[in-house]
Amino acid sequence: MTGGLHGNLVRLRARHEADVPILDTELHGDVAGNARGSRRPWRPMSPGAQASMNRVAEPTDRAAPFSVVTLGDDELAGEAALWGINTLGRSAHIGMALRPAYRGKGLGTDVVRVLCHYGFTVLGLHRIQIDTLTDNHAMIRAAERAGFQREVIHRQTVWVMGEFLDELILGLLAREWTP
Amino acid sequence: MLRGELVVLRARLEADVPILEDELHGDVVGTSRSSGRPWWPLSPGAEASRYRITEPSDKEARFSVVELATDTLAGAAVLNEIDTYGRSANIGLMLRPAFRGKGFGTDIVRVLCDYAFTVLGLHRVAMDTLADNHAMISAARKAGFTQEGVLREAAWTLGTFQDLVQFGRLADNA
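These protein sequence lines are chains A and R, in that order. Counting along the first sequence from 1, when you hit position 142 you're at 142 in this note's numbering, and nothing is skipped either side. Counting along the second sequence from 1, when you hit position 106 you're at 106 in this note's numbering, and nothing is skipped either side.
Treat the hints as calculated values from the structure; they're not laboratory data. Mixed in with the good hints there might be a few duds.
Stated by the list, open to error - Some chain A residues well away from chain R (every beta-carbon gap over 12 Å; in silico):
id, residue
1, L9
2, V31
3, P44
4, A51
5, V160
To be verified - Facing chain A, from chain R, some residues (calculated, C-beta under 10 Å):
id, residue
6, P38
7, P41
8, R52
9, T54
10, P56
11, N80
12, D83
13, Y85
14, G86
15, R87
16, Y115
17, G149
18, V150
19, L151
20, R152
21, E153
As the list claims (entries may be wrong) - Stretch by stretch, here's where chain R covers chain A in the computed footprint (C-beta under 8 Å, at least three residues):
id, stretch
22, 123-137
23, 167-175
We treat Cβ as the ideally placed atom computed from N, Cα and C, and that holds for glycine.
Please work from the sequences and hints to get the whole structure.
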């Protein structure tokens, strides 16, 4: 299959039902990882729950959720999204979580580039931002490689497994983006 | 009610609503600069009104601001985006035109922080404003907030993209 948005290493396509149990198990099931990426307390979740962040949903104007698959073997590598899409401010946020076996391979950088293409070119956005913990070096590196600039540090704003951590906001404007 | 040096913050009363809707929501420029949403005409009694009376909520605490000296309605203030997990919240306020430039903003921010940290037990309070809103920036600094950064061109404001300055204050025992 080839439908969706293509990068150099990955393809971003719509969520399929077969993706959901894998993402729920490997991403939601990782309690500590979930605490770092979510702004809600982790809870146990049964298969098929409506509360799943990974379930198949109708398109909305507020968020565009994708599944990430590898270009070579078409394997599910994780999930990625533009969320918080603001049609007045023409802005959105990037979110991403890769399955453990697909981390450290440079896929994140490619995912960020593909989401920027989608946001700036397809949606006509003016600004995209990435909100991440200040110790998430992989995400910060992926963002900076795509041209994002460090803009804000929200001090002690995220509760993660017993402590408040700082959050870094990186921003990229349409005119600064080079495909 | 919550008492500051210049103002009192109390629950919204029915008599406040038409005044706030006329003078605050009716101010197209002011509302466009502070709401993050496009301004819309709003009929009296509309559900969408930010100033209508609502039941108490875990997510948001809406106040009317009253001048202490005269017992007159001076504006509206809100602690919103209350997050009981991250123990954080956000401050918003808007004063009636006749009550601006009197230092009320600083007093309101202090009172809302006291409410957030002491009554609600929060860990962090945030506020943001346009880079040219000197009154709000001054109120944040005087009330002990630290400027944490600037979201570049993040707010569409009446024809241009404006920078949004972000402030945070942590609980004193943090």
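Tell me, which hint numbers fail for this structure? 5, 7, 8, 9, 10, 11, 16
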